[in-house]
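Given only the sequences and the hints, what does the whole structure look like? Please build it.
Protein chains: 4
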Amino acid sequence: MLATYSIVDKFKSLRATTLQIVCPLEKDDYTVQTAPYVSPPKWHLGHVSWLFEKILEQIDKDYKIHDVTFSKYLNSYYNKFGEQHDKASRGAVSRPTTEQIQRYYDLITQKIITFLNTVHLDASTEKIIELGIHHEYQHQELLVYDLQHILAEKYNPKIRNRRDDVLSVKQKQIHIEGGIYNLGYSGKEFCYDIELPEHKVYLNEYKIDAFPVTAGQYMEFIESGGYDDHRYWLSDGWNAVRKNGWTAPMYWYKQDGKWHINDFLGSRIVDPSEPVCHVSYYEADAYCKWAQRRLPTEAEWEKAACWNEERQIKTVFPWGDDSPSGNHANLLESYLWGPSKIGSFPQGASHYGCHQMIGDVWEWTSSEFVGYPGFKSGFSEYNDKWFTNQKVLRGGSFATPRDSIRASYRNFFRLDERWLFSGFRCADDV
Amino acid sequence: MLATYSIVDKFKSLRATTLQIVCPLEKDDYTVQTAPYVSPPKWHLGHVSWLFEKILEQIDKDYKIHDVTFSKYLNSYYNKFGEQHDKASRGAVSRPTTEQIQRYYDLITQKIITFLNTVHLDASTEKIIELGIHHEYQHQELLVYDLQHILAEKYNPKIRNRRDDVLSVKQKQIHIEGGIYNLGYSGKEFCYDIELPEHKVYLNEYKIDAFPVTAGQYMEFIESGGYDDHRYWLSDGWNAVRKNGWTAPMYWYKQDGKWHINDFLGSRIVDPSEPVCHVSYYEADAYCKWAQRRLPTEAEWEKAACWNEERQIKTVFPWGDDSPSGNHANLLESYLWGPSKIGSFPQGASHYGCHQMIGDVWEWTSSEFVGYPGFKSGFSEYNDKWFTNQKVLRGGSFATPRDSIRASYRNFFRLDERWLFSGFRCADDV
Amino acid sequence: MLATYSIVDKFKSLRATTLQIVCPLEKDDYTVQTAPYVSPPKWHLGHVSWLFEKILEQIDKDYKIHDVTFSKYLNSYYNKFGEQHDKASRGAVSRPTTEQIQRYYDLITQKIITFLNTVHLDASTEKIIELGIHHEYQHQELLVYDLQHILAEKYNPKIRNRRDDVLSVKQKQIHIEGGIYNLGYSGKEFCYDIELPEHKVYLNEYKIDAFPVTAGQYMEFIESGGYDDHRYWLSDGWNAVRKNGWTAPMYWYKQDGKWHINDFLGSRIVDPSEPVCHVSYYEADAYCKWAQRRLPTEAEWEKAACWNEERQIKTVFPWGDDSPSGNHANLLESYLWGPSKIGSFPQGASHYGCHQMIGDVWEWTSSEFVGYPGFKSGFSEYNDKWFTNQKVLRGGSFATPRDSIRASYRNFFRLDERWLFSGFRCADDV
Amino acid sequence: MLATYSIVDKFKSLRATTLQIVCPLEKDDYTVQTAPYVSPPKWHLGHVSWLFEKILEQIDKDYKIHDVTFSKYLNSYYNKFGEQHDKASRGAVSRPTTEQIQRYYDLITQKIITFLNTVHLDASTEKIIELGIHHEYQHQELLVYDLQHILAEKYNPKIRNRRDDVLSVKQKQIHIEGGIYNLGYSGKEFCYDIELPEHKVYLNEYKIDAFPVTAGQYMEFIESGGYDDHRYWLSDGWNAVRKNGWTAPMYWYKQDGKWHINDFLGSRIVDPSEPVCHVSYYEADAYCKWAQRRLPTEAEWEKAACWNEERQIKTVFPWGDDSPSGNHANLLESYLWGPSKIGSFPQGASHYGCHQMIGDVWEWTSSEFVGYPGFKSGFSEYNDKWFTNQKVLRGGSFATPRDSIRASYRNFFRLDERWLFSGFRCADDV
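Chains as they are written, first to last, in full-length UniProt numbering: chain H, 1 to 430; chain G, 1 to 430; chain Z, 1 to 430; chain D, 1 to 430.
You may find that some hints are simply not true.
[Unchecked claim] List time: in silico EDC-like cross-link candidates among lysine to aspartate or glutamate, alpha-carbon distance up to 16 Å: (1) H/K376 - D/D428; (2) D/K289 - D/D229; (3) D/K10 - D/E126; (4) H/K27 - G/E26; (5) H/K54 - H/E130; (6) H/K376 - D/D429; (7) G/K80 - G/E381; (8) Z/K72 - D/D429.
Hints were generated in silico from the structure; no laboratory data involved.
Here you go:
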């Protein structure tokens with residue numbers, strides 16, 4: 001993948017894409033914060049640039065920080081870089097202004113390009129630039145989560161980009177044998193420290209669904225009283241239901257007896273054939289208990305995605321080793337698409353026959369987000385300081401940048417978070 | 001005053017002034033909310049227009065609301081007009097945008113002008129338009145409080161508009177005799193319902209200071225340990241000091257051993273000869289206890305301001321009955337002035353010789369904000385629903401619009417609020 | 001009153017009464033705290049003794065504190081006596097034990113008796129002992145409030161002490177003329193500093209009800225939707241209604257279509273002819289607004305209680321100057337009585353014909369609790385540090401100790417408190 | 001173990017032990033709650049009896065509940081048994097009284113004994129009685145945690161039961177080879193559902209310490225600034241440090257330059273040779289990061305405890321299969337002992353040479369508390385509803401009842417809890 005185009009091209013493309021994402025915004029949209037876990041779009045633009053500036057500072061001793069007054073505001077959670085503005089109050093900051101931050105964004109783009117064009121990169125410098133790029137990929141997706149939250153109930157799109165030429169398919173269960181599996185990234189390109197080292201785990205044989213749980217399946221859970229029956233819920237989940245008054249996935253509401261959703265397609269009736277999205281871990285777990293199923297572990301998920309039993313090899317993606325810039329998967333054209341109905345993109349299925357593992361919704365697994373055996377921290381304060389009270393999600397959503405994804409990617413969120421594009425797939429013991 | 005120019009001129013002038021106040025803002029400044037008690041400037045622009053639209057709706061049966069989606073956001077606290085957006089989250093709203101609200105502001109300005117120019121006003125319609133105007137006067141001043149809060153630490157003014165040609169003066173105490181005093185508004189122009197009815201109160205003889213307590217006097221209280229000694233504080237005040245960590249008035253900070261302030265003059269050393277500003281009721285009361293003085297009641301304040309003992313008459317202003325559009329007082333040129341040093345504007349003194357009662361800082365009195373005996377509510381949900389847990393302030397600050405002020409004006413705030421331009425003046429029993 | 005029996009007899013009677021009040025308690029009842037504003041009964045026993053010990057310490061230089069480890073726990077809010085245990089956590093303290101505190105109570109009783117019997121009291125010592133006694137009177141009543149809270153829903157009394165021989169009476173309004181009235185205590189016995197100095201106030205003529213508002217009258221307000229209609233409520237009151245979910249007075253509940261109450265008579269149907277009790281200031285004010293009435297000021301209440309228009313004199317009690325140890329009023333036999341139906345005790349009426357002003361329920365007035373003009377603090381940190389955010393109640397309840405009451409007594413509570421025996425009486429402008 | 005004595009003897013011994021634990025309490029101690037996570041001792045007595053009553057109800061259709069008014073208070077968290085009293089307010093309940101609960105305790109003891117003596121137990125009934133017994137074992141230990149919290153700073157024991165005849169030992173690391181290990185309970189006696197099924201896990205080779213981290217080792221971490229340096233802490237841990245102001249383990253305080261502890265030995269200087277106790281998961285993890293070590297997983301801990309490499313067998317306890325009623329380990333004589341210095345009880349070491357794995361402190365592992373692969377819930381709402389946001393502790397403390405412990409026992413707590421007897425042992429990758 002890296003081979004195909006230069007790091008400077010990749011960087012330029014990255015920065016252009018970030019600006020495309022915020023294109024449809026009104027000026028006021030850049031500044032507001034609609035929940036403590038949402039960040040204002042201007043903050044994202046500033047923060048990703050600030051991180052590149054920290055990199056410039058590290059690799060160029062003579063580098064002069066553009067404006068030191070930005071620093072506290074734009075530092076997310078890096079104690080090593082000093083104090084941080086309270087996360088829940090990012091929307092109370094009018095200076096630096098959006099315009100100042102846009103200029104700052106362009107300036108840093110220019111400075112990095114100049115740097116990349118003029119300096120011969122050694123391995124460690126390349127690694128840190130790579131990290132800055134992948135960091136921005138992550139913020140591109142977070143930006144999309146935040147845009148949906150900021151615009152929910154207010155978004156009225158001109159075009160609804162949905163494909164309707166979908167195969168008629170049925171949910172089914174795939175049987176996968178047990179034994180030792182090598183979990184983790186086995187490729188040679190960029191991956192995060194937390195995907196390493198590849199290591200042996202022992203799996204019992206198991207079954208896993210061919211498709212993510214659909215909105216239609218999930219509605220049955222709702223309509224059968226799932227949100228009112230404590231028996232399906234973890235204790236922490238039941239508390240979350242009652243405290244937050246959850247009765248359905250986030251962004252859903254009932255009107256004239258039908259479930260609707262507010263998303264980038266506008267306000268619309270939920271399509272029962274698309275993967276359910278915007279559920280917390282607790283809801284995924286409760287659905288499974290109701291359905292007498294369970295969530296897969298991340299090892300089970302990864303094996304179902306990557307293992308080619310026939311050839312006894314592991315691939316980087318469900319469909320093989322080719323990057324998603326090819327034509328194999330249901331991957332982000334733009335965040336205006338939303339998740340695709342099940343049965344779309346049959347050519348992206350895994351060797352075992354699991355569909356839509358990448359490109360629709362992140363899938364909750366039952367695995368706690370902790371370091372793999374033998375984990376070595378690659379970036380200070382980046383991933384490993386979050387090794388508690390979070391669950392791993394696997395896959396990647398329709399808003400995940402193509403160049404950032406692979407099946408070994410371990411996303412992680414707290415168990416009650418729902419504003420991300422999160423769904424799940426069921427598994428079973430045999 | 002009303003006689004001097006028509007209501008349509010007054011309205012035009014009002015609306016132009018509001019726009020002048022927000023002139024120096026950057027776009028982002030319009031949208032943010034820096035504390036739960038602050039409102040975004042765009043909200044103020046929208047809210048005052050929304051109230052005028054409610055008036056249009058009431059006086060014109062065919063009136064069509066411009067955009068019903070604005071209503072919940074722009075309703076402050078009027079239950080009669082339906083639901084309200086949470087006050088503490090006004091800064092989380094990006095739509096309506098600032099531009100939409102600016103257009104809405106201009107539209108409503110035009111509609112009211114058209115109405116005033118085409119319809120013959122009956123008394124009750126005039127009264128309600130008058131209320132809309134005075135409502136916007138109040139928001140002009142609140143806007144200034146909020147601008148200072150939003151821009152504190154960030155404001156770096158080009159000009160510092162201070163006058164230095166000030167008489168050398170000394171604090172002194174004025175003796176005022178007791179007996180029956182007629183408290184309340186006695187004029188014939190607009191006043192709020194809470195200034196009526198004029199009614200008899202019995203006052204003991206008392207003394208009151210010629211000048212508000214100065215920053216210099218207040219520093220002595222601070223430096224003698226006033227904020228650390230429970231004996232000076234009301235129980236609720238002492239709790240407020242400890243909970244909020246108060247050690248000085250709001251916007252003050254100590255640097256190189258000197259007290260500084262952030263205000264519309266920028267970051268600067270506090271001038272000991274200006275009235276202390278940005279103190280809560282609790283701080284005013286604690287200062288008095290420390291100084292072995294007390295706060296005046298609102299009746300004592302008003303008599304000191306308005307009573308002409310010689311001629312046995314009451315005036316509307318300390319300097320007489322002429323409106324402040326004349327030259328008699330230290331009144332708002334622009335909010336960039338700040339309060340004036342004591343001894344400025346000697347021609348604005350009251351008959352008893354009390355100086356700077358109007359035009360510098362609002363002055364806390366010891367009187368609870370309740371209805372006068374015989375009070376009749378003039379405007380539903382306007383003033384009387386606030387008749388608890390607030391104290392009356394008298395006077396008017398440098399940010400109070402000239403056309404809205406008179407000595408009988410009863411401002412009111414909760415006892416721990418400090419972001420207004422609030423000071424005080426001491427009194428004594430005899 | 002003081003003349004009738006010696007201070008040592010008074011003290012002995014006081015201490016015996018306190019022990020009578022806690023007589024019916026189970027051991028566990030002494031230790032628990034059922035709300036942040038409730039104190040465990042053992043704390044009251046300890047606290048009143050601790051205050052007497054502080055007095056002993058002050059008047060006897062050689063006095064040795066019984067146990068210094070009690071001090072922080074038993075100090076309520078006196079900063080001058082050092083740190084205080086968090087009020088809301090008094091129920092988390094098992095040591096000192098109830099038994100230790102009971103022994104401490106008896107020990108201090110003995111020490112004070114010995115002191116009073118052996119020392120000739122000078123005026124200032126007598127004054128401070130007097131304060132200790134009146135302080136304990138106050139805690140006797142608070143103890144009763146707290147017992148009701150601790151035992152609510154659990155109390156099943158053997159005897160229901162109610163009198164049924166009640167005159168058939170009707171609510172009516174008494175007309176009272178205006179002019180100067182001398183407000184405050186005019187007698188020569190003990191009173192609190194806040195009842196002084198007697199001072200002139202000017203009153204308009206007014207009307208006041210002969211009886212407190214009854215439970216029956218209040219039910220009409222409830223049934224007509226009073227708790228659901230914002231128009232009757234102060235803004236702070238409406239917030240309190242919604243935040244606390246109030247739908248009726250405290251301790252009331254509806255069963256089989258009838259309003260019931262839990263009190264010292266057990267769980268029972270509310271008697272419509274008894275004064276309404278356990279309402280906050282906000283509820284009293286809302287009832288008045290609904291009924292198109294208003295609350296009296298404390299001056300109006302006092303004049304209605306004490307002024308003898310015929311003889312142009314002021315009495316200490318509504319029925320004259322005799323202390324309630326005589327037979328004139330409906331006063332505390334025991335706290336198991338509860339308030340009496342209106343029309344009971346006609347001989348206790350005031351000269352103007354106002355009934356049951358003392359001995360049934362405390363009556364909310366519209367007056368803020370602040371110092372009278374010319375107020376001088378008599379006891380540090382006792383009354384005057386509470387001069388904010390509280391309203392004055394006048395009268396005295398069935399749980400107020402007889403020896404502590406007089407018509408000039410100013411009780412005060414925050415506006416949302418309801419666990420006291422609080423009702424109200426309506427007034428009107430003329 | 002079960003074989004050695006009958007279930008009725010076991011039950012009698014259980015109930016007698018619970019009463020022994022509360023023996024030293026004063027009456028008031030039974031009722032108070034000193035933190036939201038602490039329960040009043042009387043609640044524990046009632047709750048364990050209430051659970052046995054629920055069992056009686058289930059196995060005997062004619063059983064009549066002793067007092068239905070106890071039910072809501074004594075239900076901890078079982079939604080299937082109806083509503084529950086708020087956990088954080090268990091200390092606000094005076095009725096049922098301690099005496100009533102003590103009578104209830106005795107009554108239920110008697111009823112169960114009668115039942116066991118008169119009925120022939122089928123397997124499922126025995127299983128549920130067994131669960132009731134083990135449930136009470138758990139509450140015995142929780143009671144001890146709570147007693148220490150209630151009595152901290154107030155406990156002044158007559159005897160300090162410490163053994164001083166301790167071998168001089170040094171911390172050292174044990175090397176353990178990798179491969180497949182069978183994790184989980186392999187015996188035939190009672191175990192919880194969460195210890196099953198025994199299943200294969202793959203382990204890398206690793207090193208683990210022979211002894212738990214000592215107080216002396218932990219002091220080095222403190223003194224080197226560990227609590228002030230964010231680099232050692234997980235993000236959630238660093239937040240916990242700052243929010244709670246942690247500077248040392250719970251119950252520690254510094255006096256005259258020395259670390260002291262309040263525990264059942266009274267207030268005393270911390271003995272550097274005893275295992276550190278009362279640390280949260282976050283502190284255990286931070287210590288490891290500082291020491292460049294890591295926590296073991298629960299599989300690593302269990303293998304180090306139970307695997308006999310030589311004989312290729314797994315034992316139930318580190319010292320073999322004999323229950324701790326024998327003489328092999330440092331196990332609860334009484335909770336007045338506290339943890340023993342390292343090097344005590346050498347005969348209790350595991351085959352690998354790990355010491356004091358059972359009987360001193362629970363040891364945090366890095367494993368999330370989730371079900372083992374193939375987990376089947378054995379008891380509804382007992383263990384599996386807690387499968388989130390908790391970490392597994394292994395071992396057993398000096399307060400763990402002997403009859404309840406085995407090496408496969410999985411204890412679990414939230415990551416910020418410290419009032420339990422929790423320590424840890426370090427491990428390493430090879």
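Consistency of the hints with the structure:
1. H/K376 - D/D428: Holds, at roughly 12 Å.
2. D/K289 - D/D229: With Cα atoms ~11 Å apart, D/K289 and D/D229 stay inside 16 Å; holds.
3. D/K10 - D/E126: 12 Å, holds
4. H/K27 - G/E26: 12 Å, holds
5. H/K54 - H/E130: 14 Å, holds
6. H/K376 - D/D429: 11 Å, holds
7. G/K80 - G/E381: 8 Å, holds
8. Z/K72 - D/D429: Violated. Z/K72 to D/D429 sits at ~52 Å, over the 16 Å cutoff.
In summary, the one numbered hint that this structure violates is 8.
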